[in-house]
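Which chain is which? The protein sequence lines are A, B and C, in order.
Residue numbers for the first sequence, in this note's numbering: 1 to 99.
Residue numbers for the second sequence, in this note's numbering: 1 to 429.
Residue numbers for the third sequence, in this note's numbering: 1 to 266.
There may be inaccurate statements among the hints.
Derived Cβ-Cβ restraints for the label pairs, each shown as a range [claimed, not checked]:
(1) C:Val230 to A:Glu14: 23 to 31 Å
(2) B:Gly244 to C:Leu162: 53 to 61 Å
(3) C:Arg28 to A:Val56: 35 to 43 Å
(4) A:Gly59 to B:Lys174: 23 to 31 Å
(5) B:Asn117 to C:Gly152: 46 to 54 Å
(6) B:Leu65 to C:Arg240: 49 to 57 Å
Straight-line alpha carbon distances no greater than 27 Å define the calculated DSS-like cross-link-like pairs of lysine-lysine that follow [claimed, not checked]:
(7) B:Lys288 to A:Lys84
(8) A:Lys43 to B:Lys368
(9) B:Lys172 to A:Lys36
(10) C:Lys69 to B:Lys33
(11) A:Lys43 to B:Lys174
(12) A:Lys84 to B:Lys172
(13) B:Lys415 to B:Lys368
None of these hints come from the bench; they were simulated from the model.
Even for Gly, the Cβ is constructed at its ideal location relative to N, Cα and C.
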Amino acid sequence: MSRREAGPRRLRLEELLQRNVYDVDHRPHIVVDTSKCSRCDAKPCVRLCPAGCYTVVDGRLVFSYEGCLECGTCRVVCPLGAVKWDYPLSGRGVYYRFS
Amino acid sequence: MEMNQPSRFDAIVVGAGPAGATAALKLAEKGYKVLLLERGRGAGSKQVFGGRVYAELLRRVFGDLKDAPIHRWVKREALMLADGDRLVAVAYWTANSTSFTTYLGQLTSWIVERAVNAGAVFVDEVRVDRLLVRDGRVVGIEAGPDRVEADVVIDAEGVNRLLLERLGLVAKPKPAHVALGVKEVIRLSEKAVTERFGLEDGEGLAWVIVGSVTDYLPGGAFVYTNKDSVSVGLVLHLDAAVRGLRAHVHELVERLRLHPLLRRYWGDGDVVEYSAHLTIESPEFIPKSLVHDGLIVVGDAAGLLLSTGLTVRGVDYAVFSGFLAAEAVDCARKEGGFTRDVLSACYEQPLRRSAVYRDIVRRKRASKLMKDERLFRDAVRFAVKAASTIYELGEETPKLAEALEEAERAARLSKLSLALMLIRLVRGL
Amino acid sequence: MVRVVVGIKWVPNTQAVRFDPKTGTLIREGVPSIVNPHDLDAVELALKLRDRYGGEVIAISMAPPSAIKGLEHVLGMGVDRAILISDRVFAGADTLATSYVLANAIRRLGSFDLIIFGQETIDSSTAHIPAQVASWLDLPYVYYVEDVEELGGGRAVVRRRLEDRIEWYEIELPAVIATAMHSQQPRPVRLSYKLRAKTERRVEVWDNKVLGLDERCVGLRGSPTVVTKVTWMPEVPRKRQVFRGDPREAVKWLIEKLREEGVLPY
Numbered sequence: 001m002s003r004r005e006a007g008p009r010r011l012r013l014e015e016l017l018q019r020n021v022y023d024v025d026h027r028p029h030i031v032v033d034t035s036k037c038s039r040c041d042a043k044p045c046v047r048l049c050p051a052g053c054y055t056v057v058d059g060r061l062v063f064s065y066e067g068c069l070e071c072g073t074c075r076v077v078c079p080l081g082a083v084k085w086d087y088p089l090s091g092r093g094v095y096y097r098f099s
Numbered sequence: 001m002e003m004n005q006p007s008r009f010d011a012i013v014v015g016a017g018p019a020g021a022t023a024a025l026k027l028a029e030k031g032y033k034v035l036l037l038e039r040g041r042g043a044g045s046k047q048v049f050g051g052r053v054y055a056e057l058l059r060r061v062f063g064d065l066k067d068a069p070i071h072r073w074v075k076r077e078a079l080m081l082a083d084g085d086r087l088v089a090v091a092y093w094t095a096n097s098t099s100f101t102t103y104l105g106q107l108t109s110w111i112v113e114r115a116v117n118a119g120a121v122f123v124d125e126v127r128v129d130r131l132l133v134r135d136g137r138v139v140g141i142e143a144g145p146d147r148v149e150a151d152v153v154i155d156a157e158g159v160n161r162l163l164l165e166r167l168g169l170v171a172k173p174k175p176a177h178v179a180l181g182v183k184e185v186i187r188l189s190e191k192a193v194t195e196r197f198g199l200e201d202g203e204g205l206a207w208v209i210v211g212s213v214t215d216y217l218p219g220g221a222f223v224y225t226n227k228d229s230v231s232v233g234l235v236l237h238l239d240a241a242v243r244g245l246r247a248h249v250h251e252l253v254e255r256l257r258l259h260p261l262l263r264r265y266w267g268d269g270d271v272v273e274y275s276a277h278l279t280i281e282s283p284e285f286i287p288k289s290l291v292h293d294g295l296i297v298v299g300d301a302a303g304l305l306l307s308t309g310l311t312v313r314g315v316d317y318a319v320f321s322g323f324l325a326a327e328a329v330d331c332a333r334k335e336g337g338f339t340r341d342v343l344s345a346c347y348e349q350p351l352r353r354s355a356v357y358r359d360i361v362r363r364k365r366a367s368k369l370m371k372d373e374r375l376f377r378d379a380v381r382f383a384v385k386a387a388s389t390i391y392e393l394g395e396e397t398p399k400l401a402e403a404l405e406e407a408e409r410a411a412r413l414s415k416l417s418l419a420l421m422l423i424r425l426v427r428g429l
Numbered sequence: 001m002v003r004v005v006v007g008i009k010w011v012p013n014t015q016a017v018r019f020d021p022k023t024g025t026l027i028r029e030g031v032p033s034i035v036n037p038h039d040l041d042a043v044e045l046a047l048k049l050r051d052r053y054g055g056e057v058i059a060i061s062m063a064p065p066s067a068i069k070g071l072e073h074v075l076g077m078g079v080d081r082a083i084l085i086s087d088r089v090f091a092g093a094d095t096l097a098t099s100y101v102l103a104n105a106i107r108r109l110g111s112f113d114l115i116i117f118g119q120e121t122i123d124s125s126t127a128h129i130p131a132q133v134a135s136w137l138d139l140p141y142v143y144y145v146e147d148v149e150e151l152g153g154g155r156a157v158v159r160r161r162l163e164d165r166i167e168w169y170e171i172e173l174p175a176v177i178a179t180a181m182h183s184q185q186p187r188p189v190r191l192s193y194k195l196r197a198k199t200e201r202r203v204e205v206w207d208n209k210v211l212g213l214d215e216r217c218v219g220l221r222g223s224p225t226v227v228t229k230v231t232w233m234p235e236v237p238r239k240r241q242v243f244r245g246d247p248r249e250a251v252k253w254l255i256e257k258l259r260e261e262g263v264l265p266y
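Chain A extracted, bound-state conformation (with noise of 0.2 Å):
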């Protein structure tokens, strides 16, 4: 194992969440209407979305619910209306420990 450098270093969003533990149930438990995104141009989610849950892949927004951490900031900052938004079912998604 080789060591790249010396002192922390910054940890990129998907090794974060990776310390974090998720039961994922295979269905998502929020919605994403994305043929509205492409009407929004300041697309607020994809930098206020904690868990990156929103990012633009050739030019088109894409969705993913898997390392939300349901804290309710997609809801409240889309413009459009688009995010049709509830908590997991059955306790899935994430479990926190330390928090």
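With chain A's structure known, arrange chains B and C on it following the hints.
Using the frame of chain A, we list chains B and C on its own:
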């Protein structure tokens, strides 16, 4: 096989956070048949807070806190104004602590366990989808295909008020009403936490940092010491963040963790959790009415959180409102029913008369001030520049007045606007 | 009517177990336990059969008392009865001793049509238990089962999917089957069922006073498996090659790369 109405309860509490769990505990202690519903797995698995709880109201509700999961009693506070790799800190040290750090999930589990021991039925892993309404009054809840009825429902659903919104009792919050809190919990040894922060055993600290740590956006960073970990995170007012945030929010948190002046405290620690939660930033979040026929609203759902910029308190208010709700159920039963009027007299009015509620509403001005982007940029730059002129000396030693003038120039602030900001700040706080 | 027994394991959420490269140990602190996710496929299949034919689904698990939460989860999905086998003398069991206890507990349940297990567990992945239980009870066993297509008259037709084919088996009942992972979509927990599990239909706990098994055959004493050494896989450096562009070109590129690496034999 199908059981659409398995049983009936005196009260149903939706959400086993600090408010809901307290309401369930106090109702069970009074002998009511109470159902406590929680969407998470076990108690506390969906909970996030900044890091500290004020003890006074908890003592009033729970008695002494001897067996409570207290990590450290906060005896050192600091406000830090950070501008790049310089910062000005104002510290407050005391031997008399009024707040403690913990993990909210642990505190909530502690309350839920007491509630179950007192006879409350706790059902987890169930998401409530709707408040059940008949003839204009709330008579129970719906979860998937199932319904359970009760004399009264206590809504402790938290900051995302899906149930109240679906009933049309509140609107979806505007970005100006809430802030996003994002936090990392960093594992250290208990000894390392104690020694590195200059604490003694069982002592903790709370820092608030404003300025460059949030890209000068309204909000701030926070640091709390837990038993063997540190909670490091930041809060961003969503309206300002929508307009002004350039990087992804996690980059701000990581930048904070690796801040050149701060990482010495925790940089070698392991990040064990990354969490996020919305927090209330405006009294306008409070619903017009905190009661309806058959319904009492408590905790975050009732908007009971106070963020002054220097301190944040919500957990003790949640506990207090849960306690009042349980008292109100007792009161309403004696007063002849769970109508809106009776519940208003038994819950809403006592709550609105309380210091808790008055303090939250009084901060309207402060909450406006806390959205003043100049405060987070210009005032921070001014203070840090002034301090660096005073403390970083070469051949010359400038007078205080010269240092302040130089800082004014650097921050592009006039004496007048500075004075006005100071006056507003003092009045606001 | 069918009577189905489902085996459940209460496992640490291994996704939450992290490796500390500094000390070379596993970080287990704060790791919550869950019902082995692949067992939920078994529960779902059992519930489907009950919904189709009527009858009863009984979940059974050997674990410490904390596993009551897991059994409450499957009761919440609609399982009719849940039994936790829990006794200090059962602790430290390997798969042989575990399957011995499970088989004897299942015998106590009287007649049944099917015993369904998940494909394997996320914390040990042996897939031993269903085969061993079938052995102890001298029953037919089929694994990687996707569905039970027919059931009745003392026989069942089960379908299983392998990498290159689908197979149908006609088996005599009672029988043991293991589901293929991800073959089912486990249903959500329901309030009414979970409430029932917390009040009137609680998890039953059986200790060895109930089962009366020879202590030499259970727990650590009944376990011939010896773990001599634990080692971990060295980190494989990733090449991090990314192809951007036309998907058809990407497939060609990927096949070429895999050939170069010797992953594809031809």
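Q | Those earlier numbered hints the structure runs against, lowest number first | A | No numbers; nothing is violated.
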